[in-house]
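Visitor: So the chains spell out like this:
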Amino acid sequence: MGLDIRFPIGMMFTLLGLILLATGFFTSGDAAMYQQSLGLNVNLWWGGFLLLFGGVMWGFAILGKNKNP
Amino acid sequence: MTQVHLTFIDFTILGLYIAFVIGIGFALKRQMKTSADFFLSGRNIPAWVTGLAFLSANLGALELVGMAASGAKYGIATCHFYWVGAIPAMVFLAVFMMPFYYGSKARSVPEYLKLRFDERARAFNSISFAVMTIFASGISLNALAKLLNQLLSWDYNICLWVCSLIVLLYVLKGGLTSAIYTEVLQFFMIVLGFAPVVWLGLRDAGGWNAVKDKLEGVATHPVTYNLVSDSSKTFQPDAWTHAWIPLLGGPSANPMGVDVFAIVFGLGFVLSFGYWCTNFLVVQRAMAAKDMKAARNTPLVAAVPKMLFPLLVILPGMIALALTATAGKEYRLPQAIITQAHMTPALGAIKQLATSGADLTTASKALSVVAGVSFNDAKISELLKSPETLSSSDQQLAIRLQDAVVNDYDGVILSLVKRYCPTGMLGLALTALLASFMSGMAGNVTAFNTVWTYDLYQAYIAPNKSDDHYAWMGRVVTVAGILLSIAAAYFASMWTNAMDIIQLVFGFVNAPLFATFLLGMFWSRTTATGAFIGLVSGTAASALFHACSISQGNIPGVKGAYLAKLVVLPSDMAQNFWLASFAFTVCFVLTVVISLATKRVKSDEELKGLVYSLTPKPKVDQAWYARPEFIGIVLLIVCVYFNYLFW
Chain A
4 MGLDIRFPIG MMFTLLGLIL LATGFFTSGD AAMYQQSLGL NVNLWWGGFL LLFGGVMWGF
64 AILGKNKNP
Chain B
-11 MTQVHLTFID FTILGLYIAF VIGIGFALKR QMKTSADFFL SGRNIPAWVT GLAFLSANLG
49 ALELVGMAAS GAKYGIATCH FYWVGAIPAM VFLAVFMMPF YYGSKARSVP EYLKLRFDER
109 ARAFNSISFA VMTIFASGIS LNALAKLLNQ LLSWDYNICL WVCSLIVLLY VLKGGLTSAI
169 YTEVLQFFMI VLGFAPVVWL GLRDAGGWNA VKDKLEGVAT HPVTYNLVSD SSKTFQPDAW
229 THAWIPLLGG PSANPMGVDV FAIVFGLGFV LSFGYWCTNF LVVQRAMAAK DMKAARNTPL
289 VAAVPKMLFP LLVILPGMIA LALTATAGKE YRLPQAIITQ AHMTPALGAI KQLATSGADL
349 TTASKALSVV AGVSFNDAKI SELLKSPETL SSSDQQLAIR LQDAVVNDYD GVILSLVKRY
409 CPTGMLGLAL TALLASFMSG MAGNVTAFNT VWTYDLYQAY IAPNKSDDHY AWMGRVVTVA
469 GILLSIAAAY FASMWTNAMD IIQLVFGFVN APLFATFLLG MFWSRTTATG AFIGLVSGTA
529 ASALFHACSI SQGNIPGVKG AYLAKLVVLP SDMAQNFWLA SFAFTVCFVL TVVISLATKR
589 VKSDEELKGL VYSLTPKPKV DQAWYARPEF IGIVLLIVCV YFNYLFW
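Chains A and B, in that order, give the protein sequences.
Each residue of the first sequence is one higher than the one before, counting from 4 in my numbering.
Each residue of the second sequence is one higher than the one before, counting from -11 in my numbering.
If we strip away everything but chain B, and leave its shape as in the complex, we get (with noise of 0.2 Å):
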């Protein structure tokens, strides 16, 4: 990727960005008087800022990055992740389950668990979400760095650092309040800052229109865009323009590699409800708000711009896509480029495989090990079997090898960015990429030490101090949680797609906690133990599923079927979504059985205000249209209407 250079003013602008996230940390501090106040807002927040806090902390490396790296990749059946995955989970979350996650006045989620059932879940839901949550922080801190990196050849190590110490500094003066204060201000910052991109992008390609018309002729021929590594392969040209036909004819006929039940049940119900319904990093913000009424508005409130997202985050992906695929265009999804020093060795190794025949796994292999860049498996056989390799010229071979190099997905929003970007609309929209990582991370830090101080120290290793202590802990907590993402960044910088990864990880840990919760809210006869040992072994029981299984075309290891190769998925996004569905079914079949079997310990009064049949209806005040129970079903059919519209 070819460098961009910033001036005076892209740097006036991240600037002043910089100093408004400070300097409401500063503002805040002289709020943050006791451990209630750092952790949890002192609750008194309104809904809509809540609310757009609840959309921003989810929005890291996950929703920029990737959702448009997965635009290009999969094409609009990637709005499934919105329309079927957070807006029905994000209602579900007003209605049904936040009258029981603040009514019952628990300070997190795993503190939940402790009312309902009993220590063990607690501890075992903490652990297994702290661990989460920092990988989370760490593989997006990793994705800015590595995009700042590429962009600006600015040092990796020094954006990793500075961009932790920014969020360090805000979130250790103002605590929660302020998390949720600079999340709203970067909610606004990541939309405005990239609509215009979008909306350059999106003309320069002839509209709408055009951009399906290109997207069609590249669904009948995606190798030649390096999107499959099969050359046989072909889709329907609607693969990448519908959302649900492509998806009827099962996993072969669409990019994603996915059929119908993987991404209602995996995805839809699995996926999005144990990570919106469960997740802390961002049911704390909804906990966070002054009353019930707003805590219960906050996911709703969220829901209206989520809706609308997928127009800023995966269309330009499919607009990347059609760019590539518009002669005149000169625009390509971005690859890792071959260095000349490395084109050399790569040129005489390509020549010297031709001769020897060798076979193309192997080839393939050692190509990479000599270019330091991925290929295209594709590609390289017809290079290997071509006769014309061995008499054209180096330089056209050049290209050719250059061609065959993978697609880095991750690298479309930046490459449209500066493709649109004149200075000025550069350094907003480089500030808006900062902002939406920001957000992202210091919601992660927030929830981490909010779990650390209450659930696992307060819980177990100091019980009984002041509350001067626990906010002290809390201030530790922050700095520690900061440094952990930092190791985990380093770690995630051996994959390459994050999206990917993230998803494997929630599917670990989410997929059976929806289970417990769900039985736990609305099945009185639910017992501690079977929810202990439901949640532990669905855990176990991803884990299994992910040593046993793998997708095609990966060699096993990291990526799966480390133990044995049972089951072969058709791709990584298939993979997870398996797995989670399995992982749920384990866990919510073992709870109720065991449940079955054993003694219920907390009394029908101990259970109130935290099971669904035992807690008194509340009165209802409000009208009719104001209720969340209306608006979420206008929100669904909302919902609904787009899924049919894109049909």
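Just chain A, same shape as in the assembly (with noise of 0.2 Å):
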């Protein structure tokens, strides 16, 4: 296999995470903003659940790859 699906996914959803927790932080005083997401700093939350995924993501790449290079 040339190119292992893995290492764009991670690459990808690590970078979404990044963007919405920056997003999130930078929002984070703003209640007007997230009363829509019932109060919740969702870009916040979300984003660092992306990251740690992105993160496994690669983990997994990384692993698969020691494996059979």
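What the hints contain is simulated information worked out from the structure, not anything from laboratory work.
Careful, some of the hints might be misleading.
No farther apart than 35 Å at their CA atoms in a straight line, the calculated lysine-lysine pairs in the DSBU-like style are these [as the list claims (entries may be wrong)]:
(1) A:Lys68 - B:Lys93
(2) B:Lys553 - B:Lys607
(3) A:Lys68 - B:Lys102
Covered, in the sense of this in silico footprint (three residues per stretch, anywhere, with C-beta under 8 Å from a C-beta of chain B), are these stretches of chain A [as the list claims (entries may be wrong)]:
(4) 10 to 18
(5) 22 to 36
(6) 42 to 51
Sample of chain A residues with no beta-carbon within 12 Å of chain B, all distances over it, derived [as the list claims (entries may be wrong)]:
(7) Gly62
(8) Ile65
(9) Leu66
(10) Asn69
No residue lacks a Cβ here, since even glycine has one placed at the ideal position from N, Cα and C.
Bring the two chains, given one by one in their own frames, into a single complex with the hints.
Guide: Written out as structure tokens, the structure reads:
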């Protein structure tokens, strides 16, 4: 297999997670904006989760690479 | 629908996703050397990748938009598409059929038909499949462009062309491999993009029990929410919240308008097995797996998330309906809005119609023309009859008229996205929507180009050309397939509920097909002539059934009964399921009868690897718990449990 799809997936979700985390961080005082999402800063929480998911995918990809280089 | 505005962050997320899918296409470009690389991925992909792609390729308009629409329209009974339909069919494919598809080294489903029967069955199947694929892809493209237009007021035509162009770019560069890889990425994008929306919706509605409570109230007054067009119609309280009990009461007791037989035989056995086991769009993903084990595991890997998908796609529709019925939530199922310019003449028209005492059908039709939207007949009838219509102020009347506009179920999922997503999450959810459409379209296009090139072009138009020539043809037909899909999208823009149309098209093509495969794979006596005549008659039977049947309340024409009005069915769904059952039975019976009357041409030796009884059992080198049979049984048990849970 020429391309391990886990790398692009890991990379994309890491970046998406970072973007959302940053958005959530910089808008954390904006209560009006998050009224929509029931008062939860979803960008922050979900951004964090996406970052974690991206990292796990990346981890699997690296593990796989070490196993069959 | 009011518009939402995307900010820089949303566009960044969208742009990042597009960059990644196109990037994958370009990264794989170097590997595309022969036509086999382009069409078959060189058969070297692991099962988890093909499995998720298998699932994702099926995620077009059908799944996200259509299932949420059905969730609101029909409630939890929509889960039958998963727990009665998809899962058993996927297990059957893995356990019984994959060994023949993969083992026969056929490059496509039509090619299997050629090996098993002869050129006639292949030609018929490849042509009908090609047509169906283009339609499916066009319908999903139309739905996407329509939604983006409504929500973001992006131009319909630009959406259509730009989305197609992105798909074209990465399929052209990386062929099937790139379609499969991006489908995996899209799978995660779809799940992770929509899960928070569903979660917020459920939280807002007050949890699952509150949703159930509200839906019980809805079921007893369905006309209030424009769910039915007959003001005297009511259901038992559990009509939206139980999957089987409402079906037992017959077609009039459930909003889907179907009975148990139509669900179990029509949807479960005929349509779902026909779709999941013989549709090259999904089977192609399994055929690209690296070995027989991976090929058989593909549908099983896909079955696990598939089983849980109702949470993601049906639940939002039910939440939307529950919110509509909750006072103080300021939410209602989306409707087309009567514009100011249309409202004034519409108000004049309703007053005039109320005075003249015009009959309901004429009045409703006349109003639709003036207002530019369709109306719920029950509400219009109320307006026409009540004396207040003439005396009330224009403002009050305008509110009542707007309330009478039919629900736009296809807008359900996006109305929730709009409601709960602040900028950032909004970009993510929209990207997920885009991902689902692209994965469906790429799936259709790769299946179409393979069938065209191998089963039509190489077989009948230009045999014995160089491999380079076929690889070139594959690229040309990828472009052609996209252009045809766009044409089909414009064609589909004339209809309202995408889901019902797709089911109808599947009914025509897929329903008889499963009978042919079932007999072909498991009854060695089936002859080529029997299979061909059975298949053609089955498809003709579905067209004939459609021409002579109609669902209640529809006008004869494109919805059926254009030849004669012989059968009237309670709903569009029921019409689809009975059509499929009828076509399957015709194909099955005729194939058996004609096979018995004709001589078998192919010898036992030729049918080895193609028919169950003539194929030696492969040596099993897997532990018992890793075998497809065992995993399949476990999946089925879980499936039965889900049915029991929402009985």
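Visitor: Does each hint fit the structure? Answer for all of them.
Guide: Verification of the supplied hints:
Pair hint Lys68 (chain A) plus Lys93 (chain B) holds up; C-alpha atoms about 30 Å apart against a cutoff of 35 Å. For the proposed pair Lys553 (chain B) and Lys607 (chain B), the alpha carbon gap of about 55 Å is over 35 Å, so the pair is violated. Between Lys68 (chain A) and Lys102 (chain B) the CA atoms are separated by roughly 41 Å; this puts the pair beyond 35 Å, and the hint is violated. Chain B is given as covering the stretch 10 to 18 of chain A, and this holds because 6 residues of the stretch bring a CB closer than 8 Å to a CB of that chain, at least three being needed.
Check result for the stretch 22 to 36 of chain A against chain B: holds, 6 residues qualifying (beta carbon to beta carbon below 8 Å, three or more required). Only residues whose beta carbon comes within less than 8 Å of a beta carbon in chain B count, and the stretch 42 to 51 of chain A has 5; three or more means the coverage holds. With a cut of 12 Å on Cβ distances, Gly62 (chain A) stays outside the contact zone with chain B, its closest approach being about 15 Å. With a least CB separation of 17 Å from chain B, Ile65 (chain A) remains clear of the 12 Å interface cut-off, as annotated.
At the 12 Å boundary, the C-beta of Leu66 (chain A) stays outside the reach of chain B, the nearest C-beta of that chain being 14 Å off. No beta-carbon of chain B comes within 12 Å of the beta-carbon of Asn69 (chain A); the shortest separation is about 17 Å.
In this structure, the hints that do not hold are numbers 2 and 3, in rising order.
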